[in-house]
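**Q** Please arrange chains B, C and D on chain A, whose structure you already have, making use of the hints.
Protein chains: 4
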Amino acid sequence: MVPPIKTAIVGASGYSGEELVRLLLRHPQVELTAVTSRQYAGQTLAQIFPKYAHDPRCRSLRFSEPKAELLAKAAQVVFLALPHGVAAEFAGPLLDAGCKVIDLSADFRLKSPAVYKEFYGHEHPAPALLQKAVYGLPELYRSEIKQAALIASPGCYPTSILLPILPLLKAGLIKSNGMIADSLSGVSGAGRKVEPEFLFAECNESMRPYGIPKHRHLSEIEEQLSLAAGKAVVLQFSPHLIPVNRGILTTLYLAPEKHFASESEMAALQGQIAQCYQKAYGNEPFVRILEDKALPDTKNVTGTNMIEIAWRLDARTGRLIVMSAIDNIIKGASGQAVQSMNILCGFPETTGLL
Amino acid sequence: MVPPIKTAIVGASGYSGEELVRLLLRHPQVELTAVTSRQYAGQTLAQIFPKYAHDPRCRSLRFSEPKAELLAKAAQVVFLALPHGVAAEFAGPLLDAGCKVIDLSADFRLKSPAVYKEFYGHEHPAPALLQKAVYGLPELYRSEIKQAALIASPGCYPTSILLPILPLLKAGLIKSNGMIADSLSGVSGAGRKVEPEFLFAECNESMRPYGIPKHRHLSEIEEQLSLAAGKAVVLQFSPHLIPVNRGILTTLYLAPEKHFASESEMAALQGQIAQCYQKAYGNEPFVRILEDKALPDTKNVTGTNMIEIAWRLDARTGRLIVMSAIDNIIKGASGQAVQSMNILCGFPETTGLL
Amino acid sequence: MVPPIKTAIVGASGYSGEELVRLLLRHPQVELTAVTSRQYAGQTLAQIFPKYAHDPRCRSLRFSEPKAELLAKAAQVVFLALPHGVAAEFAGPLLDAGCKVIDLSADFRLKSPAVYKEFYGHEHPAPALLQKAVYGLPELYRSEIKQAALIASPGCYPTSILLPILPLLKAGLIKSNGMIADSLSGVSGAGRKVEPEFLFAECNESMRPYGIPKHRHLSEIEEQLSLAAGKAVVLQFSPHLIPVNRGILTTLYLAPEKHFASESEMAALQGQIAQCYQKAYGNEPFVRILEDKALPDTKNVTGTNMIEIAWRLDARTGRLIVMSAIDNIIKGASGQAVQSMNILCGFPETTGLL
Amino acid sequence: MVPPIKTAIVGASGYSGEELVRLLLRHPQVELTAVTSRQYAGQTLAQIFPKYAHDPRCRSLRFSEPKAELLAKAAQVVFLALPHGVAAEFAGPLLDAGCKVIDLSADFRLKSPAVYKEFYGHEHPAPALLQKAVYGLPELYRSEIKQAALIASPGCYPTSILLPILPLLKAGLIKSNGMIADSLSGVSGAGRKVEPEFLFAECNESMRPYGIPKHRHLSEIEEQLSLAAGKAVVLQFSPHLIPVNRGILTTLYLAPEKHFASESEMAALQGQIAQCYQKAYGNEPFVRILEDKALPDTKNVTGTNMIEIAWRLDARTGRLIVMSAIDNIIKGASGQAVQSMNILCGFPETTGLL
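Chains as they are written, first to last, in my numbering: chain A, 1 to 354; chain B, 355 to 708; chain C, 709 to 1062; chain D, 1063 to 1416.
With the rest of the complex left out, here is chain A (with noise of 0.2 Å):
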């Protein structure tokens, strides 16, 4: 039998960090050797996660202090689920101890520091590494991800618009102009962060866009969208915040390349499109093409690893609405960061995420 992989987890105690555990602990061939958080420095998993406190390991495994020279001897994988701009310090670092590295920040997502600055405010910590990274989006990337020693694990809502983008997208289905994407997030999605317009009362009963007209998610949604379509694509994304603890539900406005006015031409497009997703997604176990009448629903993803989509031909207006639904912590960041560690250590893809 061959011994598990050891993996740590730098910046444990956020959202992500509490479902990297779950998630590695449940995980058949690794094992989950270190979990770091300077807040919770010296107490168990147990104490901080009580809902995990039946683990016995969860009873004996304490938070550190990310050091990463001691992260490097305790693990072959280390996730960084850290703050962007504070992943960047670890991961050099840990690829020179030979380690591999999975980022949940936005910090390796770009190929372009200067696309980064423009995005986050501060200059890249680490341009060098960008080069070395994949997205980390594993049904785009699969052959890359195997060999890649950092791995930029893609943001929620990201993920959430770029794969049912794509596929339409590199089969010239759709236009690289004018797209649009609204998206609903669940309010785990802005972290544990102790905000007034994040407390239970600010957001219950609540409806509110934000982030408008230029959120930091456009910056590696583009890129993707660009490199696929071969050329710059600028998109109009409205995030708003949803009082649901998990999910992002995503509607897309598309314009297919060809007119479909007659009902013939409809047809032909509605069997190019269904052709088109059932040849990039028909045999991914993480996404399910909805059929018949059927819309995403975030309550039927969230839990999983996920992503659901529906698309309709509209003939009044000419467009091609796509719809999609995932959980934002699992399919969003830490379910995707375990699959791609999955492929990275050759382990099947669906190893410890259904």
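Each hint should be verified, as a subset may be incorrect.
[To be verified] Pairs of lysine-lysine, DSSO-like flavour, derived with a Cα cap of 27 Å:
(1) Lys939/C with Lys1320/D
(2) Lys1293/D with Lys966/C
(3) Lys547/B with Lys175/A
(4) Lys1276/D with Lys966/C
(5) Lys547/B with Lys1113/D
(6) Lys547/B with Lys214/A
(7) Lys175/A with Lys231/A
(8) Lys293/A with Lys1293/D
(9) Lys1001/C with Lys1179/D
[To be verified] Derived coverage of chain D by chain C (criterion: at least 3 residues anywhere in the stretch with Cβ under 8 Å from a Cβ of chain C; other residues may be distant):
(10) 1066-1074
(11) 1151-1160
(12) 1190-1200
(13) 1352-1362
(14) 1381-1391
Because the hints were derived from the structure by calculation, they are not lab data.
By construction, the Cβ of each residue, glycine as well, lies at the ideal position given by its N, Cα and C atoms.
**A** Coordinates of chains B, C and D only, in the frame set by chain A:
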């Protein structure tokens, strides 16, 4: 002192009816003389709506069977809070008997019986009345409402979409084609319909689109937009169901007529939009154009007859994003109907609504 | 016409302060002349509370630094919506300057500085004022409130517990020992405190007890119960945090003085309890004793100053179960404070509260 | 390798049935061979439960009409997730055909047909089977479950009440009379019943008691308490409906047999209680006795088969307060049923449940 106007509500047991009861009871210049409900006939308002039970009038006023002749004797102004198709049966006899009728259903919102049939699936029950009806959006049709005998109070989604768009469209600031309305509604928007998809455990922790791409409300929205534009307008409209009791949040994607590539062009266009809204709504008591960085939030309008509107020009995409928030049951239904009644009866327009 | 009474709110930026603003602005016989907030000094009410922004007074009235001398000039009645320990600092100077003070904190609810210290953990900051203060529960202390200069408005839990118990206790219908109060509170009860346990994602889909077994509110509850019973009363009190914005639901477990083993004894006791409540609350505008099978529901009182009360005798256990529901911010705080102000100022008690 | 045990679910379309589907599909030692539903007969699991649609077994397995003879051929263990009164019809034929039956309804939880009739309002449909049935609370009846042919899985409220009380009662640490259980339940506890009081807008922002003072679950709770106490026990039980999807939180008011006026008496009693729970549950995989200051929170158990228990002695009142939290659908229904199946089939008890 002027005697109060006598009012009645037909179909008072749904959410809109319940809110009308509240608004009419606190209105200083009207008397609520009759409420009807087939289901609750014989019971007092206090028995069915325990939250109003402290009002002695609710302990004496009883639901009755809906009969046009009795209603016509009891009231000068009759509100119809009935399903579409049913409301039209009552409007004719009540108008013939000299009542003013304010209908909250969709029955008289359209001018064309053919469009009604296309969207509602059955022949219009009283096509002759369609030309008599005034669309009860006070900010737009104040003078017509003043003279009307039959007022068709707008739907909730249409209110949230038309108020932000109409001034821009009339001023020629935006293109009339290609508009998109992405809307989020609280669950009370479905009425008190006892269907499995509206159970608590099916809605809570759920976000989902529905009625894509051809929701019924499109018919009245497009008719009003076409009237304002002076030509046929087709709208993309995507409603979503969100786990809050009250509220509609709409995000509109619009294309300005003018390009605004340079900063000075952008500043000029911003000035024109601000001026357009100021001119249209500067004196409107129920329209709040947000300033500075503020964005709409349904929690700031629920329980009120207000609409909040904010807008952003996006130089990256060339689009104008307009966002609005209302209480679907008040500004989106019963409050707006009372606002129309105030105009109709010559009361100050805010009476009983602040 | 009588000039309006001038009022001020110290600490107006919390939930109770925000609700006081709303209530005082709509009150026909008072004027709100000053609002203070260290954090927001210089900003208008409209900027901090966007939902009141339609009111022109909110666009002109600005938060100021809290200074007793300026407040004393600006207002005849001053509401203190401050944390305990801080309120007491303002009360003395304001009273000396001739203001009437209505304090929503816990600072003046107890007669004994020693009990204050036991429950609040520090010396009472103004013990001399304790004897002057009147406990502002209008249904109990109406005549004292009329004469008071300093009113200590009750806590939310105490209101929900005392109103149902006191008449029974005074009438000798229940035993004064062994009483249990099990209470559920919405999250606004924690105030606008920015602490991790009140984040949306920590409260939503959560139900949890806290403060077991010795919550601070016990001190004022037991003092009032002891006064009513004429002897020292100890209460079991268990508060729970529930994911709603507003509301307190309390279930009380009481022991009737008389046995009611037979049906006739039970009927007799039922008659006595009904009569007791009828006598105590039959003419109270804000107390609703539920009839027939109805049980309290917080959604029937939120947004109002009402308390709903229902009771059941259980022949199987020999107990009397009494249940109550209030809005924690209105009848449990700001509404009750305005009710006291109405009494104090000689206005009809329901003015501005229906 | 041992072939998997064949299992079937009768009435698989409710919330308990849906959860059983999930648990049995991920269980490594069983095969789900049949699911029945009158309403959905002919449709696949994937069509009715879209969230399971990624599992190929859900795309092939179809709901069938419930027929005992077919079920008996298809499965060795049959779960009945049916309303009370209906379950009993299936149990007899299935037992006769040699199946093991795990019933999630109330039909076989009581020993006395008379008590059944008193609480459920109709004659017991299969009284002869009552003596054969074992009450499926594994922590209490593990050895009986191992030998049983018919297991009556406990109700959700009873589980949350019995597990905390039974060890104390058996150890003689608390009085058997005068106990009170105050419980809060999420709305899924009402099942998928399509009734107005369970609509989202009726439950959200609502807290309310119901079924006071004689809820049906009292019958099985009191029977089990009486068995443990060796004499008839009467319990006060107050259930409340709370706007969360999942979870039961119970607060128990108990009277220790011994007084604990002095600190040393209190310390001694605390030691006895701690030891009692340690002895009863120290090795139980699904019982978590909380330590230090921790109190139960339903969000720490939802999605799991765990029960959290904490307790406090109150020297002021002389009472012992015990609090528990479970997921009403898992430990309160389907998870516990699978736990019983594991015992029955000789699997490790946690199989498929961690």
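**Q** Hint by hint, which ones does the structure fall short of?
**A** Of the numbered hints, 3, 6, 8, 10, 11, 12 do not hold.
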